[in-house]
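Asker: Protein chains in written order, with the UniProt record's numbering: chain A, 1 to 438; chain B, 1 to 438; chain C, 1 to 438; chain D, 1 to 438.
Simulated from the structure, these hints should not be mistaken for lab results. Careful, some of the hints might be misleading.
Here are the simulated DSSO-like pairs of lysine-lysine, each with C-alpha atoms no more than 27 Å apart in a straight line [to be verified]:
(1) A:Lys326 to B:Lys202
(2) B:Lys331 to A:Lys202
(3) D:Lys382 to A:Lys65
(4) C:Lys219 to C:Lys202
4 protein chains.
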Amino acid sequence: MPYFPDIDRVRYEGPASDSPLAFRHYDADKIILGKPMREHLRMAACYWHTFVWPGSDVFGAGTFKRPWQHSGDPLEVAIGKAEAAFEFFTKLGIDYYCFHDTDVAPEGSSLKEYRNNFAQMVDHLERHQQQSGVKLLWGTANCFSNPRFAAGAASNPDPEIFACAAAQVFSAMNATQRLGGANYVLWGGREGYETLLNTDLKREREQLGRFMRMVVEHKHKINFKGDLLIEPKPQEPTKHQYDYDSATVFGFLQQFGLENEIKVNIEANHATLAGHSFHHEIATAASLGIFGSIDANRGDPQNGWDTDQFPNSVEEMTLATYEILKAGGFKNGGFNFDSKVRRQSLDEIDLFHGHVGAMDVLALSLERAAAMLQNDRLQQLKDQRYAGWQQPLGQRVLAGEFTLQSLAEHAFTQELNPQAVSGRQELLENVVNQFIYR
Amino acid sequence: MPYFPDIDRVRYEGPASDSPLAFRHYDADKIILGKPMREHLRMAACYWHTFVWPGSDVFGAGTFKRPWQHSGDPLEVAIGKAEAAFEFFTKLGIDYYCFHDTDVAPEGSSLKEYRNNFAQMVDHLERHQQQSGVKLLWGTANCFSNPRFAAGAASNPDPEIFACAAAQVFSAMNATQRLGGANYVLWGGREGYETLLNTDLKREREQLGRFMRMVVEHKHKINFKGDLLIEPKPQEPTKHQYDYDSATVFGFLQQFGLENEIKVNIEANHATLAGHSFHHEIATAASLGIFGSIDANRGDPQNGWDTDQFPNSVEEMTLATYEILKAGGFKNGGFNFDSKVRRQSLDEIDLFHGHVGAMDVLALSLERAAAMLQNDRLQQLKDQRYAGWQQPLGQRVLAGEFTLQSLAEHAFTQELNPQAVSGRQELLENVVNQFIYR
Amino acid sequence: MPYFPDIDRVRYEGPASDSPLAFRHYDADKIILGKPMREHLRMAACYWHTFVWPGSDVFGAGTFKRPWQHSGDPLEVAIGKAEAAFEFFTKLGIDYYCFHDTDVAPEGSSLKEYRNNFAQMVDHLERHQQQSGVKLLWGTANCFSNPRFAAGAASNPDPEIFACAAAQVFSAMNATQRLGGANYVLWGGREGYETLLNTDLKREREQLGRFMRMVVEHKHKINFKGDLLIEPKPQEPTKHQYDYDSATVFGFLQQFGLENEIKVNIEANHATLAGHSFHHEIATAASLGIFGSIDANRGDPQNGWDTDQFPNSVEEMTLATYEILKAGGFKNGGFNFDSKVRRQSLDEIDLFHGHVGAMDVLALSLERAAAMLQNDRLQQLKDQRYAGWQQPLGQRVLAGEFTLQSLAEHAFTQELNPQAVSGRQELLENVVNQFIYR
Amino acid sequence: MPYFPDIDRVRYEGPASDSPLAFRHYDADKIILGKPMREHLRMAACYWHTFVWPGSDVFGAGTFKRPWQHSGDPLEVAIGKAEAAFEFFTKLGIDYYCFHDTDVAPEGSSLKEYRNNFAQMVDHLERHQQQSGVKLLWGTANCFSNPRFAAGAASNPDPEIFACAAAQVFSAMNATQRLGGANYVLWGGREGYETLLNTDLKREREQLGRFMRMVVEHKHKINFKGDLLIEPKPQEPTKHQYDYDSATVFGFLQQFGLENEIKVNIEANHATLAGHSFHHEIATAASLGIFGSIDANRGDPQNGWDTDQFPNSVEEMTLATYEILKAGGFKNGGFNFDSKVRRQSLDEIDLFHGHVGAMDVLALSLERAAAMLQNDRLQQLKDQRYAGWQQPLGQRVLAGEFTLQSLAEHAFTQELNPQAVSGRQELLENVVNQFIYR
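The shape of chain A in the complex, shown without the other chains (with noise of 0.2 Å):
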C-alpha cells in the first residue's frame, strides 16, 4: 500500500517540459567534467523536515495530516514512517538520505527503551537501503529536543546529561558505520548559552573539547572511514551557540588539536543568519582546509531565524558549486536538504515540488560551474591581480627574509609610492552572469 500512490517516479525530461514533476536539468547520469551529475552532487533528502515535522510553527498547530503521522504503537509508526520515506526517495531519484537517531526510533522513555528502539530501527533501515540502493549520507543525534538537553549536551551543566548525549552519539555512530554512511554530523542545537549571567564560557568549552576529542578517538576506534563533521550555527534556540560560523569552528577545533580531524557541514540558512553569505562560509572553510559537507536550503534574507527553504537560486548555487570544484569537489560530503516545505504546503506532493525545484536548481548552477570552471577566466583574472607576489619582493616577503624594519627602510629608501589598481569588482560580476545567462 504505497504512501504516494499518485505519483510515478521523477524523471529527467528537458528544460523543454511543462511537468511539475519532471526534472528539467538534473540528468543524474550526464557526464560533466569527466563524473556523473550525481557523483558531483551527492544530494540527500533529509528525514526530519519531510518525514518527522507536522507544519507546526510557535504560533501555530501542525498543518500536515501525512498518512504515516497518525496515533498508534511508536514503533509501528516508526516503521510505516521509514517505508514512507524510502517510498519517497525511490520516487523522487534521490540518491543519499540523512537522519537523526530519534527521528527514525521512537525515544521512548529511557536510555533502554531507545537504545531497543533504535536497534529495531535501524534493521529496517538496512534493509531499506539495500532493497532501494539509496545511501547514508550521514547519521546524527538529536541530542537538543528532549528537555534534559535544555541547557546543552556536552555544554550542560550536569555531567549525568554529557554522559547521556555521550550514549546517544555513541549508538548514532555506530547505527552510521553499519548503515555504511559516508559522514557523521554533530550539531549543537543547544551548546550555547541563554545568558551569560549564568555560563561559564571557558568551562563549557572545555567539557565541548573533551566530547569531541572522545568522540575522534571512537571514529578510530571504530575504524570509521568517514568524515567528521561539526555544523557551524551562530544562534537560535540559544541566544549564542558555540560553533558560530566556519572561522570559529576552526578556533575551537585548534585548541583542541582537533583541526585534523573534524571538519565542517555548512548550513546556507546558518550561514546568512552569522551574518556571512553562504559563499563566504564554503570558501573560508575550503581555505582553512575544513571544508566537508552542505546543508542546502535557504533562509529569507528580510527574516530572522531559520528559515530552512529549499535553495531556489542558481545564481546563489552556482557561485557555491564553482567554489566547491575549486576545492577538489565533494569528498565524503555532499547536498543534503535540509530544508522543509513552508507549513502552508501540506499536500504530499508539495513535499516533492520542493525538491524537483531544488534537485534542478543544483544540476543547472552544477553545469554554470562547470563551465566557469573549464574556461577559467575568474581565476586569470585573479592570478594576475596577484602577479606581484610572484616577483622577488613578494617572494622575499613571504620566505620571511625582511623584518619589520628592514622592509620598512627598504620602503624608505626607496621611495615606494605604489598606486592602487582597479579590484575590476563589476567585470568579474559581468563574467559570472555571461556564465549563468549564456
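Start from chain A and add chains B, C and D according to the hints.
Answerer: Just chains B, C and D now, kept in the frame of chain A:
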C-alpha cells in the same frame, strides 16, 4: 591663546550637581576595591574623532569649524592641533590618549615626508606629555585611509603596498615605544574583501600571518613591554573583514602560533555589528586568554554601521566592567573613547559633554560592578549550577577516564535519567538590577 | 489546594530588601504626580505565556511541568488553570490580566464546542474577578494557531475562514465587554504573506478593511466603551505582516476611515523586530494620535525573532514612560507583560521572579520619568531648539502664506544664509542619565 | 577632446559575445509585448555616483582620478563634467539621465551664486540634450549635503533653512520642467532624526506636510506634467528617516491629502534596509496606487548601509519587472541606476562595466518577465487560490451585507469547519525558475 577659553577644568562635584561640565560620579582618586578609580579605568580620549574628523558623513560635508582645523602649512596646523588636544585632555582631566600616526602628523606626499613629519610631531607629543602628565594608552598606524590601501594593507595584492604598511607600522611602533605607550594596536580596516570573485582568502591570510609575525618580532627586538592588540571588526568599510570577532581572531592567532603574543582590543560597536553583545565579546576574549583593552563606545541597535556614539548605558557597562574585574582588571589596557559627537554637535563644548557623560557612566559602572563583586551572588549561583562537575562522574569525564563507549555504557547500565533544572535567568537579571539600582 | 503553596503575597519592602520575592520599587499606592503608581502603570499579567505555554520551542519539547498543565477533561483542566492564574495574580499583587479566547477555554472540535466552552469559562473568570478584584485589561481572539488560519484569518483566501474568525472575534468582544475589559486587541499573527507569488496584496487589504469596519461597528452596537487596538508586528510567523509598525497601521486606518476608531497596542519586541526603537514606536503613535496600550517585554538585540523576555532595562523604560506621561498617560491602556520566562526557567517560582523584576523596573522607570517631567529640562531644550518657528517667518510658512515661489524669492532676495546649530545630543543624553542615576 | 577616448559606442552583440563592452541582452529596439525594450525600461544613468563621487568613503580618501574631477574654476569644471557625462551617456547608449542641482552646478557660497551657476548649467544641459537626444528622467535638489541641512531641510528647526530648501526645490523643479524631465523626485536624506530627545515628531511632520503641499501647488502652477515622487529610505545618514518605506509614505500622504498627487520612487537598496524585499516594496506601492519609478541598484544582504551596487540579479529583477508589467508598466517612471562602482573600481572603464552589466540584467529580466506574463500561470494559480471570494458568501461579505454578529451567527449555525489548503509556494517558485532558466 587657549582653544577652549570658556572652559575650566572639569571637576568632581558629586551626584547632586546640575552642572553639565562637572563629574557627578567620576572621582578619580576614590578608592574602589583597593585602587583609585583612575587606575581601574585607565580612560583615554582619542585623537581621530575629536581632533581630526570635520563632521562629514557620506551624504554631507563637515559641519564643524574647529579653531584647530584650518588651512595653512600642514605641520603648523598639526602643531596647533596637538596643543588643542592636550589642552582638552588636561581640562577634561583624562589620564590617557590614543592616536594614529596620520592623526598627529601630516602624511605628506611621500614616505619621506611622512617620516619627517611624524618624527617632528613625536617630539611635540613627548613635550606635551611631560608638561601635562597625560600618558599614551596606545598608538597605531592608519593603513586604511590612503587610496593605496583601498585593497588592504598587509593583505594587499601588491607587495609594495605591504611594504608601505610595514614602514608605517614600524614608525608607529617606535613612536609608541618612545612615548611610553602601554599598548600598540592593529586595526585592519581594509584587511578584508569587497568581493570573493577577486579574492584569494588563503593567500591573503598567509600575508596577514607574515605581517603579524614581523610585528611580534619587532616588538621583542625593541623590547616593547606593552601588549600588541588586534581590534576585531566584522565589516565596513569592506564587505567583510578578516578580524571579524574575538573568536575569529583567536583562530587566526593559533594558526600562526601567535596566541600568546597578541591580544584583542574590543570595541562595543564592532561587537554588535558582528552580531554579538559587547558583554559576549569581553567574556569570550577573557575565556580564551586574549583579552587586552576596550574601545568604549556604543552603536545604534537599529543602524547597521559604525556610529561610534559615546557609551551612555550604565546597565551595559556594569556587566562589561564586572567581566573585566573578574578577569583581573586591565593589565596594560584601558577604556579608550573611540567615540564621536554627532555631526550636529558642532560646538567645542559638545566634545566635553560627550566625554564627561561617558566618564561618569564608566565611573558609575565601576562602582556598581565592584559592589556586585564584593558580595558575589552571581558567582555563587553560577558555581552552584555547575556543582555536578565537582562530583566523581564529572571529574572523571574531564580527566579523560572515559571513552565515548565506556561513558555510553555507564549511562545505559546506570539507566541515567537526569532532569533539567532551572537556569534562574530572571532571578539573575533581577540581582544585577538590584546592584545597579540600589 | 493552592498551586503556589510556598509563595506568599509579594509585598513592597523597599530598595534595601534582599528578598527575591519582594518589590523593591513597586509600592502600589505611592503617589507619583498626583496618582498612585498602580493607576499610572495599570500592569497586567498575560494568560498565554504564563499559564498556557509548556516551555517548548521549535527545536524541543516543553520543559515545564506546571501542576495545571496535565491531561484530563479539557474543561476541567481549563477550570484548574483559571484557579492557578488568579492565585498567581493575587499573590503577585497585579491589578490586571489579559487573555485570548483559546487560552482560557478549550477550543473543542467545532465552533459549537468552542462557543459552549468559552461561555462556561467566562462565568468562571467573572467569578474569579469578583473574588479577587483583579480586572481585565483586554481580551482578544486567537485567530492564528488553528491550522485553518495558516493563510490568515480576515486576509484568508477562503471566506469561510474569514467567517470563523468573525465568530471568534464576536465571541471574544462580547466576553471582554461582559468582563469589564478596558480594551479589545486585534493581533493579526497570520495576516500577512509567506510569498508574494501566491498573494494579492490589494485584495487581502480590502478584506482586512472590511473586517475592521465590522469590528468597529460591533463595538458601537454593544456600546463597548474601551479602545480597539491593533498590535503592530512586522513578521514571524509570516514572512511579512500587514501591521508592520505604527506608521503602517496609521496608513491602513486612514485608507478605511478608521483612524479615529482604532489605536495601537505597541510591543517592545515587535518594535525592534521592525527596525525601530521601542521609544520610536511610542513617540510615533503618540504624534499620530493613535497611542493606546503597551505590551511590555524586550527582545534580544542580537536575535531576529520574538524572544518576549521580561523588560529589565530601566534606561529604556524610563524613556518609554516619559513619552507616555507626556502624551497624557494611559487612558484605557496599560502595561501588559507579554513576556515569558526562558525555557530553562522551569520552576513556578521563576514566573514570580520574572514578573516581580519587571514590575520593579516599571515602577522605578515611572519614578525616574516623573522626575524628568517635573523639572522638564528636556522639553525646555526642545522648545528652545524650535523657537525659530514661533517667529514671523515660521508662523507665516505654517499658516500657508507662502507659495514655493514666494518663499524661494524671499530666500534669494534676503540672501538667507542660515547656519546649523548644535543639536546638543550628548548633553541631552547626560540629562537623562542624571535623572536615572540621581 | 574626448573623456573616454578608447571606448566606442556600446552595441548589442547577442548572448554569445565575449566582449566586456557589448550588450549581450539589451537590444534597444527589440519588440517585447508590443513595445521596444527601451520604452519598457526607460533606463537612466545618474550624475552623482558616476560623475561627482570621488571614490571616498568614511574611512578613506577618494581613489578615482577622473579627468573631469580636477581643481580649477568651479563653473569650468562643471562644464567639463557635463561634457564627460553626455559623452558617457551617448557611448553607453542609455536614453535618460538624472541629476541633483548641485551635481551639475557649483553650489557657490551664496544662494545668489547657486542660482546663477545653476541657470548657466541648465543651458549647457539643454544643449547637450538636444545634441545627444538623451532625455531627463528626473531632476531633484540636494537638500542634505550642505552643513546647513544637518538637522533636515523641510523638517529643520530653523525656518530659514526651510526657506533655503524651498529655494533649491523651486529652482530644481523649474529646471526639470525646462529640460523636459519626466518626473521630479524628493529624497529627504536628512528629514528624520538623530535622537528623539531633541525632536518633535508631530511638529516636523507638519512642516514636511506644508512643504509637500507647496511643492504640489507649484507643480500645478507651472503645469509640470510629470510625476512628483518621494523616495522612501528608512535611515542613513540619520538614525531614522520619516519616509521609511512605501507604506509609511502612503500614511503621510493621506494625512495631508496628497495621496493622489505624489507617488514613490522605490530604491532596491532602501527597500532591503527597511527590512523588506525589493519585490515587496514594488507590490505594496502598486497595490496602494502610488507606484512611480525605480532606483535600480542592490544592497549587500550582509551589510547594513547603502552600498548602491549595480543590480546584477536576473532572479530578483525578473520578479520586480513582472510586478511592474502587471501594474501596467512605467508611465513616467523608469529604471534609474542609482548605482556606483566600488571604490576599488577606479578606472573609467569600470563605469562602463557597471552600466553594461546592469542594462543587460534589466533587459534579460524584461524578457523573462514578459514570458511569464504571456502564459500567466502565476496569475492563474493566484486566481484559483482566491476563487472562494467570487462565491456568494465572499461577495456578500465584501459588499457589506454582514455585520460581525450576523456573520458569526452564520458560522455557528452552519457549523462551518473550513480546512486549510496548500499555498503551493514551492510549485510557484519552480514556475518562476522555469521561466528564468528556460
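Asker: Could you run down the list of hints and mark each one as holding or not?
Answerer: These are the hints, each one checked on the structure:
no., hint, in the structure
1, A:Lys326 to B:Lys202, "holds, 13 Å"
2, B:Lys331 to A:Lys202, "holds, 20 Å"
3, D:Lys382 to A:Lys65, "holds, 24 Å"
4, C:Lys219 to C:Lys202, "holds, 26 Å"
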